[in-house]
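With the hints as extra help, turn the sequences into a complete structure.
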Amino acid sequence: MRARYAYTLTIAILAGIVVAFAFDENRTVSVLSFSLRYAVPLILAAMVGIICERSGIINIGIEGQMLMSAFAGFFGAAITGNLILGTMIGVGTGMIMGAFLATGAVTWKMDQIIAGVIINIIATGLTSFFYSQGYVLPAITPKLRIPVLADIPLLGPVLFDNGLFTYAALLTAVLLWVLLFKTIWGLRTRSVGEKPGSADTSGINVQRTRFWNVTLAGGLAGLAGAYLSIEAASTFERGLTAGRGFTALAIMIFGAWNPIGALGAALFFGLANGLASQLQADEVIDIPQQFINMLPYILTIVLLAIVSGRVKPPAAIGKPYEKE
Amino acid sequence: MSVTDPAQTDLGFTDPDPRRETPWSRSQIFVTPIASVFLALLLGGILILIQGVNPLTAYWVLFSSALGDVDGLVTVMQKSTPLILTGLAFTVGLRTGLFNIGAQGQLLVGAIGAAWAGYNFQMPAVIHLPFAIVFGMLCGAAWASIAGALRAYRSVSEVITTIMLNAVAIALVDYLASKPLQEEGQPLTRTPLVQATAALPEFGVIPSGFVVALFVSLIIGWMLTRTTQGFRFNTVGLNPSAANYAGIGVKKTIFLAMAVSGALAGMGGAVETLGITGRFEPSFNAGLGFDGITIALLARANPIATIPAAILVGTMRAGAASLQFQTGIEPEVVDVILALTLLFVSAPIVGRLLFRKRAMKQASFSSGWGGA
Chain A
0 MRARYAYTLT
10 IAILAGIVVA
20 FAFDENRTVS
30 VLSFSLRYAV
40 PLILAAMVGI
50 ICERSGIINI
60 GIEGQMLMSA
70 FAGFFGAAIT
80 GNLILGTMIG
90 VGTGMIMGAF
100 LATGAVTWKM
110 DQIIAGVIIN
120 IIATGLTSFF
130 YSQGYVLPAI
140 TPKLRIPVLA
150 DIPLLGPVLF
160 DNGLFTYAAL
170 LTAVLLWVLL
180 FKTIWGLRTR
190 SVGEKPGSAD
200 TSGINVQRTR
210 FWNVTLAGGL
220 AGLAGAYLSI
230 EAASTFERGL
240 TAGRGFTALA
250 IMIFGAWNPI
260 GALGAALFFG
270 LANGLASQLQ
280 ADEVIDIPQQ
290 FINMLPYILT
300 IVLLAIVSGR
310 VKPPAAIGKP
320 YEKE
Chain B
0 MSVTDPAQTD
10 LGFTDPDPRR
20 ETPWSRSQIF
30 VTPIASVFLA
40 LLLGGILILI
50 QGVNPLTAYW
60 VLFSSALGDV
70 DGLVTVMQKS
80 TPLILTGLAF
90 TVGLRTGLFN
100 IGAQGQLLVG
110 AIGAAWAGYN
120 FQMPAVIHLP
130 FAIVFGMLCG
140 AAWASIAGAL
150 RAYRSVSEVI
160 TTIMLNAVAI
170 ALVDYLASKP
180 LQEEGQPLTR
190 TPLVQATAAL
200 PEFGVIPSGF
210 VVALFVSLII
220 GWMLTRTTQG
230 FRFNTVGLNP
240 SAANYAGIGV
250 KKTIFLAMAV
260 SGALAGMGGA
270 VETLGITGRF
280 EPSFNAGLGF
290 DGITIALLAR
300 ANPIATIPAA
310 ILVGTMRAGA
320 ASLQFQTGIE
330 PEVVDVILAL
340 TLLFVSAPIV
350 GRLLFRKRAM
360 KQASFSSGWG
370 GA
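In the order they appear, the protein sequences are chains A and B.
To convert, note that position 39 of the first sequence is 38 in numbering that gives the first Met the number 0; the numbers rise steadily by one, no gaps.
To convert, note that position 135 of the second sequence is 134 in numbering that gives the first Met the number 0; the numbers rise steadily by one, no gaps.
Treat each hint with caution, since some may be false.
Listed next, with one range per pair, are the computed distances between beta-carbon atoms [stated by the list, open to error]:
# : chain 1 : residue 1 : chain 2 : residue 2 : range
1 : A       : LYS322    : B       : VAL204    : 29 to 37 Å
2 : A       : PHE180    : B       : PHE214    : 51 to 59 Å
3 : B       : MET122    : A       : ALA271    : 57 to 65 Å
4 : A       : THR182    : B       : ARG153    : 28 to 36 Å
5 : A       : ILE83     : B       : PHE214    : 23 to 31 Å
If you want the footprint, here are the derived chain B segments under chain A, 3+ residues with CB under 8 Å [to be verified]:
# : region
6 : 148-155
7 : 289-300
In short, the hints are calculated from the structure, not lab data.
Bear in mind that the values here come from a model prediction, so they are computed numbers and not experimental data.
Ideal placement from N, C-alpha and C gives every residue a C-beta, glycine not left out.
Shown next, in the form of C-alpha cells:
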C-alpha cells in the first residue's frame, strides 16, 4: 500500500481508538487487548513468510509448521511439566519443519508450493494420529507487567501488561526490520531473493543462505504455534491453527514484505476481529455466528484484491536457483 | 500475472529427456508413483508398529475389508467417485499452471447447490437429475471463479484465495444447512432429502455416479489433448508469455480453467449428494479436496491415470473405518500415508533411488505469487 494511505489510515484508527477510550475506558482496553492477542501469532507467522520470501522461497507450509509446533509444544509442556521447556520443544519442532521445507524447496529443488502443501497435510495427519486427550498444562502462562509503563492510561494495560509471547512478537517484528535493512545478513538475504545470479557472482552462497533462512524462520513458526497451544488456548485441539498460517501470508503481502508493514497489517487484522466480536457480544449487530467466523477469511481476500498489483514480491520467489 | 515472465517450462509430468531415454528411464512415469505408494506404506507401517499392531495385519484389514466382498467394492466405488472428480479438478488447474487448493470448498458449495436443486423442484427425472448435477457444477464453478477472476484480472495468488474460500465455504454451507435450507421440524443441520427424480440410480450394484466420473475423466482427457481449448490450457500452463505471443488470451484462459476446475469439484459434491447421502450434511465430506491434490500428482496430471489413483486412495479411505474398528488404529494413519505418498511422488527421492540422476527432471509448477 502506498505509504501515504498507510499513514492516513493509521492516524484515523488511532484517533478512533482515543475517541472510543473517552467514551468507554474498560471496553476499549478489552477490545484492544483482544486484538493484540489475536494478532500475536499472525505477526510471528508473517515474519516467517517475510524471511522465507525475501530469501526467494515461498512458504505455504507455515500453517503446518505452526500446527506441529503447537502440538509438540503443548504435549512437551504437559509431559515435562515445564512451560519454558515446552515452548523450546515447540520452537525446535518448528525449526525441524523449517529444515524439512528447506530440504525440499532448496536442496531438492522441489516445487515450493507442493512442498508446503505436503507439510500442511503431514502436520494435519500426524497431529491427529498422535492426538490424545487428558493432558493439561502444569500452570497458566504468567503475565509480565512492566512497572511504570503499565500505568500509562490506555497504552499501559494494552501494551505493557502481557504474556512473554506478545513482547517477543512485537520485538521480533522490529528486530527483523533492522536485520533485513541494516545488516549484512539482510542485504545478502534480500539479494538472494531478488537476483540470486548476481548474489552468487558476488560470492554469496545462494543455496546455503536460503537453506538456513528457511530453517531458522521455522523456529518463529514454532514460537507462534507454541503461543497458540500454550498461552492462547492452553490446550491442543485438532486443527488448532485454523488457517492462521495462510492469513499470515496475506498479511505479509499486505505489509509489502516489510516487517513493520506486516506488523501494522496484523494489528489492523486483529482490531477488525476484536471489534466484530465485541459488537457481536454486545448484540449491537446480530449476525449468525458462521458469518463472524468467515470474517477473517473474507477480509483476507478483500485486502489482497485491494493491494495486489501495488506491491511487488521479491523477484526470484518460487524459482529454484540453478547455477548458470 | 506473469505474462512477461518466462516462467517454468517443465511441469514434471512431461516425458523424460528423449536424448537419454532408455526403456527403464521411460518406465519411470509408471514406476515412480507405484514405488512411492509402497515406500509410503512402508513408513506408515512403522507408525502402525509404534501403536503395537502388526503392520501386515493392519494393511490386510485395510485392503481386504475394502476389496474383499461386493459391499466393500461398492463402498470403494462410492468413495472413489468424488475423488476422481476432485483429482480432475486439480489436474485441469495444474495443466494451466494454477494451484486450485480450493476443491474442498467448491465441492461443498456444489453439494449444497445440488441438494437444493434436488429437493426444491418437481420435474420429471429426465430433466431433474441433469438439472441438479449441472446446478451443483455451476455453484462450484461460480465459487472457483471468485479466485479465478482475482488471479486473472487482479493478479492475486489463487493459492491463498482458494484456501480462504475453503474456510468461507465451510461456514457458509453450515449456515445454509442450519437456517434457510434446513429440513423443517428437525434440529439437525441438514437439508431435506432430494426428490426421487433427482437421485442417481444404481446400475445393478454399480453406483451410476462412478460411471459418470469415469466418463468425465475420458472427456477431460480428450479435451486436454485433442481440442483447441485444451491446447490453450496447456500452453498457458507451460509458458504464459509464449501463449500470449501466440494470441491466446491468457487471462481469459486462466479464468476459464478455474471455472472448469471448480465445476468438476462441484460435480464431485453433486454426485455425492444425489447418489449417496441423498441430502446435504456439512460433516459428510471433509478432506476430499486435499486428496484430489495427491491423486492428481500421483497420476502425473493425466486425466486417465486419475482413475486408478483415485481408486487407490478411495480403497484406503473405505478401509480406514474397519481399520479402526478391528485394530484400534486411528484412521488418520491413512492421511499420513497419503501425505507421504504425495511427498515421494513429488520429491526426487524415489526417482534418484531408482533412476540415474541425470535422467530425472524436476517438477516445478509455480512461479511465485503471480504478482508484478
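Status of each hint after checking the structure:
Take LYS322 of chain A and VAL204 of chain B: their Cβ atoms lie about 58 Å apart, and the range 29 to 37 Å is violated. Hint check: PHE180 of chain A to PHE214 of chain B, Cβ distance near 57 Å, so the stated range 51 to 59 Å holds. Between MET122 of chain B and ALA271 of chain A the beta carbons are some 45 Å apart, a value that contradicts the proposed interval 57 to 65 Å. Roughly 35 Å separates the CB atoms of THR182 of chain A and ARG153 of chain B, a value that falls within the hinted 28 to 36 Å.
Range check, ILE83 of chain A to PHE214 of chain B: Cβ separation about 60 Å, and the 23 to 31 Å hint is violated. Coverage of the region 148-155 of chain B by chain A holds. Counting CB-CB distances below 8 Å, 4 residues qualify, and the rule asks for three or more. Using a Cβ-Cβ cut-off of 8 Å, 4 residues of the region 289-300 of chain B lie near chain A, which meets the minimum of three, so the contact claim holds.
Taken one by one, the earlier hints fail for this structure at numbers 1, 3, 5, listed in ascending order.
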